[in-house]
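Novice: If you want the building blocks of each chain, they are given just below.
Number of protein chains: 2
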Amino acid sequence: MKYTAASLLIIHMLFAFSASESQGDEGMYLFNDLPTDLLKERYDFEPTERWADHLRLSSVRFNSGGSGSFISSNGLVLTNHHVASDTLQKLSTPERNLIDDGYLAKSLDDELKAPDLELNQLVSIEDVTERVNSAVDENASAEDAVMQRRAVIAKIEKESLEKTSLRSDVITLFGGAKYHLYRYKKYTDVRLVWAPETAAAFFGGDADNFEYPRYNLDATIMRVYENDKPAKLDHFLRWSDNPLSEGELVFVSGNPGRTQRIFTVAALKYLRDDRIPYVLDYLRRKEILFQQFSLEGVEAKRRARDELFGIENARKAYTGMLAGLQNPQTIATKRGREDRLLDRVNENPKLAPLAKAWEEVAAIQKEKREMLGETVSFRSRLFDIALEIVLLGAEDLKPDEERLRGYTDASRESLLQDLLSTAPIYDDLEQVKLADELARFVELRGGDDPLVAEILVGKGPRERAADLVNRSGLKDVDKRKALIDGGHNKILGSDDPMIELARKVEDEYRRIRKRGEEIDERERQAYSRITEAITAIEGTGGYPDATFTLRLAFGAVKGYQEDGNRIEPTTDFAGAYKHAAEHKGQENFDLPESWMKAKDRVNLDTQLNFVCTADIIGGNSGSPVVNRDGHLVGLIFDGNIQSLTSDYLYSEEQARAVSVSGVGIIEALRSIYRARDLAGQIGR
Amino acid sequence: MKYTAASLLIIHMLFAFSASESQGDEGMYLFNDLPTDLLKERYDFEPTERWADHLRLSSVRFNSGGSGSFISSNGLVLTNHHVASDTLQKLSTPERNLIDDGYLAKSLDDELKAPDLELNQLVSIEDVTERVNSAVDENASAEDAVMQRRAVIAKIEKESLEKTSLRSDVITLFGGAKYHLYRYKKYTDVRLVWAPETAAAFFGGDADNFEYPRYNLDATIMRVYENDKPAKLDHFLRWSDNPLSEGELVFVSGNPGRTQRIFTVAALKYLRDDRIPYVLDYLRRKEILFQQFSLEGVEAKRRARDELFGIENARKAYTGMLAGLQNPQTIATKRGREDRLLDRVNENPKLAPLAKAWEEVAAIQKEKREMLGETVSFRSRLFDIALEIVLLGAEDLKPDEERLRGYTDASRESLLQDLLSTAPIYDDLEQVKLADELARFVELRGGDDPLVAEILVGKGPRERAADLVNRSGLKDVDKRKALIDGGHNKILGSDDPMIELARKVEDEYRRIRKRGEEIDERERQAYSRITEAITAIEGTGGYPDATFTLRLAFGAVKGYQEDGNRIEPTTDFAGAYKHAAEHKGQENFDLPESWMKAKDRVNLDTQLNFVCTADIIGGNSGSPVVNRDGHLVGLIFDGNIQSLTSDYLYSEEQARAVSVSGVGIIEALRSIYRARDLAGQIGR
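First to last, the sequence lines map onto chains D and Y.
Taking the numbering used here, I'd label the letters of the first sequence as residues 1 to 684.
Taking the numbering used here, I'd label the letters of the second sequence as residues 1 to 684.
Please keep in mind that the hints were generated in silico from the structure rather than gathered at the bench.
A couple of the hints might just be wrong.
A pair counts as met if it fits within one copy or between any two copies, since identical chains are not told apart.
To be verified - Subject to a maximum C-alpha distance of 30 Å in a straight line, what follows is the list of computed DSS-like cross-link-like pairs (lysine-lysine): (1) K269 <-> K490; (2) K584 <-> K597; (3) K368 <-> K269; (4) K459 <-> K558; (5) K514 <-> K599; (6) K269 <-> K504; (7) K459 <-> K366; (8) K475 <-> K459; (9) K301 <-> K578; (10) K269 <-> K459; (11) K269 <-> K366.
For clarity, every value in this text was computed on a predicted model and none was experimentally measured.
Working from the sequences, and respecting the hints, build out all of it.
Specialist: Below you can see the structure in the form of structure tokens.
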């Protein structure tokens, strides 16, 4: 389930509504609309409000693209190694390779501050659907509707921020049928406490990714600080000392990034025939690019490491998603459900007009197909910074309510944290990335395109990228700050070549973004009508498609059948050593030295990984898994290969969420990493 | 310069005419039209007919996609390790990894017979232009012209084969302005004598590929047999004992695969904006696919090795080609030449009508763009075999002159050698390849395409591929033979699922192939008129674009400037050891054990690699490099990165051909591989 930051950024998020006809342990429920009846019926469990509030307040979102939980009163946070790896990468230097070697802070003084991490704790949820919808004129054009909706959302967010000082985000749910205001307490001083070696965290590498059985210690511990001191937390998870048994009920509290279960058949076909093949071409291109860069030497490899991991992981995930869609049975299943639903809609004179929404969605897919490849976002750190600065300068001249999403007053703090991050920027890597983006731009538009000519100024993409990166001053945080503080005129007058490049594409960027937003608005309106039809026929009580906001999933610890073999639900440390021995000589199958040395000390029977039927997706990485008592029993880190289709179709036959066992983490800390002091802080 | 078999197959070959305004050491000359005046003028050298005939008859073509030379009277053949690697792969087993470990036959009995290698020695060339052109009606439609031309070519080839028993190929030259009949003596019993380890042959791996300075022993020695005995050869190359000096004149006699120097600006833009990006997407997809397969274990890695190498190499070559085309200067240069030429054409009332040919070429590029992705060739060994058998059965019913190219009587022997090859076929690798091809087919046509549905029969691509591979009997050479011998009716009646699949796509295959051939015919006619215009203005004496037939190139051993540094033209064994030490810890930079053990014995000053200005391209791999005396001084194995644009634009400023030194090969055989007996046979 390792699609974290990289892949969340790659795919434009689409907020849509849940599957109709949900089944079994399916569902990513809103904390203000938990499936109490279902839990009672299936598992004879009734979550109290206190139980749910405590779990919600013990959960955090990593804005780099993942989930986590508070695990001690003195600020400890548990997440995956692969969620923390963005920070590990940024804190690494040629001399200190945290990704390869791991880390253990011996004291508070040793804890390493992340350069740009923001953690969010969900404090409250408020339904603002009526206010949002009443601000949008029913007969407005898509263009006007976008503006009206954006304006009211900016207003709600700003008011809330001013009133509460909490991060305030209006979330679009059920594909546009509902709008909720989420208020978050932000933690921006986050420090690294412990990380294992990648060889332990990502044991088996790309080969084992999305596979099961697994033996991975994909865990990292950080600590949140306030006023330069460890934060004092009222809500954190206690840990269970007991290993899990098959059949046991567990809960996952985390931030699934994006699902597309409401998607109509036409929308799924667009994914199958256009969107996912397009994304996969992009990912494979980047994968080869980063591999090639890594061949240049040990230090180059270190620099490209985290991005390459993210790309590999996304490529494998999308390959699985596409394989599912290409299986004719998948579309046939969806087609059957849709036909049954449409029959009932058409049968009912009151609902029949809503059937047009399906046609509208189909029409929109064609427009989306035309827009594929329309981009001027040259993904590289320096260009991203330049474009954001150029947009910020221009947006600041407008009233708050007219600004682009992400540039309002309510978003400013998070935007600045990103723009002023001290994370290292490597010239060589930047050049390679930008050169490839420029080359791709030539491919997408053709070499005769006037904007291509304007951007290349007579040079080849490589030469041009080298020139831009070498001459730009944006590596220097102070120079960025000076430009931002100087505002629009200062930015207009800048002769920084990267800023000049961003200005050259600004109009085109805005044109593309506007068209995309209008298409999204029309799609929201269509899915909102589809939701209306579904609710009329099937009633309420479902869950909305994932939106990278906090959700509760549930399920049982459960093995499965694969190619005629029974796959047991849990693994242990003994299995890890055996797996290493069986794959001797293969890359990424060597356990780290710390593990080999500790073999005699480790209690080999201790559970290490397990699977359950809970409904998760990318973004859930790092989510705590808790038992009925709300005690931590695991840490989500992956889905098995059969779960890759759960983006659009949940199944509990073989699809499983994969977790590190809580008891396994404690055993590793004590016996392998000799971090008894840290282990002692956990859960208290 | 490692685009051998894999890449030659990937790109549909286009036979076209040379650059106008050739310069310096540019040119890949026909052996029956050598640039004697130019050589006299530039190098004061006049090749005698005897010199040229001897060199021609000492040269061989590897039909797997490369070049080579005879180097002893008792049948020894020198080529590159990466040309031989197709055979090394086919002769390897889990227990005998010839690619990793190399090989040395201690006696004739140890020499290992290649399962399907065909070597061609060019015996004679005859101009048949008039006969070909007079058979094509001037006013024929493209469809009829294709048939007429195909018929006369088949007839010429068949007559020649019957008369001489030599392989007889009519070659299209100068983009269709000339047709020559090439007669070849074939060697089909070829055995492996010596190969170094890949670590020595491909030292530096993908990172160093197309780079210079280099230190690679990219050489392999085979032996041709006749009647189960080493062939007795009248023509073979003597070896020079002297190291090369800067400025020395050298010649390359080999089979450049394909150049596109006659291409109009419109045709180059099609390459830049459509064709090469399309090919690169394909190559990156296959690269990731084979990488993923290789992760499954040591044996999987061995099985995929040679194909993965070929793909990596082609990807790097095409990336360089595209980068050159994306540099606005390249098109500007070509545009300038074309405009000057067109001005002169339009000025001359007799030539002016020929200017339309440029417009025709431009129009054809649009049709080619539309055809991109039209394919039913599911590249996997079993499917290729099935389709060839199905086509063979159907073509055999027609008169020889109406058959598809490759299925005529004259081609039968080579086709059967391929179809009945005993090279191993691995189920797991076949499944992965076929599944990916089927998945790509869904992507290219869309999942709703009727042919897609017919082919998938309700299954996902992976399931379907597994089923096809598991149930097909075509792995068994005897079953293939029985089908071929049984002819059309037997093939029609076969229930082998792979044969059934090939039959399902046969009509579509023929439709696509026919359309492609018609486009090629029109393009040939247009380039033939363009050639007429160029010849009228610039005179004769040029060279035709490469056609994977024997050519002579010439040039000087010469260093160059790169990023302000002087790059020396030669390297030595000392440099190899130093290069390994400097890249310690990087993949593919460890010299093999044999080299490390022999370090004290090796004469470290011996030349190992060198560069020269000769005009070469993929397919030249394995070509002998000879001096004025016709003695072997080197073995072409690569071009530097600056030479990657030479597909469409030759330059001698920085572009260089890279060779292994002849003296280096002898030194390695003697001091590292202790193959004194073999070394003693060479050159005599």
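Novice: Now, for every hint given, state plainly whether the structure supports it.
Specialist: Evaluated hints:
no.: 1; hint: K269 <-> K490; verdict: neither (47 Å within a copy, 40 Å between copies)
no.: 2; hint: K584 <-> K597; verdict: both (17 Å within a copy, 26 Å between copies)
no.: 3; hint: K368 <-> K269; verdict: both (12 Å within a copy, 27 Å between copies)
no.: 4; hint: K459 <-> K558; verdict: between (59 Å within a copy, 28 Å between copies)
no.: 5; hint: K514 <-> K599; verdict: neither (58 Å within a copy, 66 Å between copies)
no.: 6; hint: K269 <-> K504; verdict: between (35 Å within a copy, 25 Å between copies)
no.: 7; hint: K459 <-> K366; verdict: between (35 Å within a copy, 27 Å between copies)
no.: 8; hint: K475 <-> K459; verdict: within (23 Å within a copy, 52 Å between copies)
no.: 9; hint: K301 <-> K578; verdict: both (29 Å within a copy, 22 Å between copies)
no.: 10; hint: K269 <-> K459; verdict: between (40 Å within a copy, 16 Å between copies)
no.: 11; hint: K269 <-> K366; verdict: both (11 Å within a copy, 28 Å between copies)
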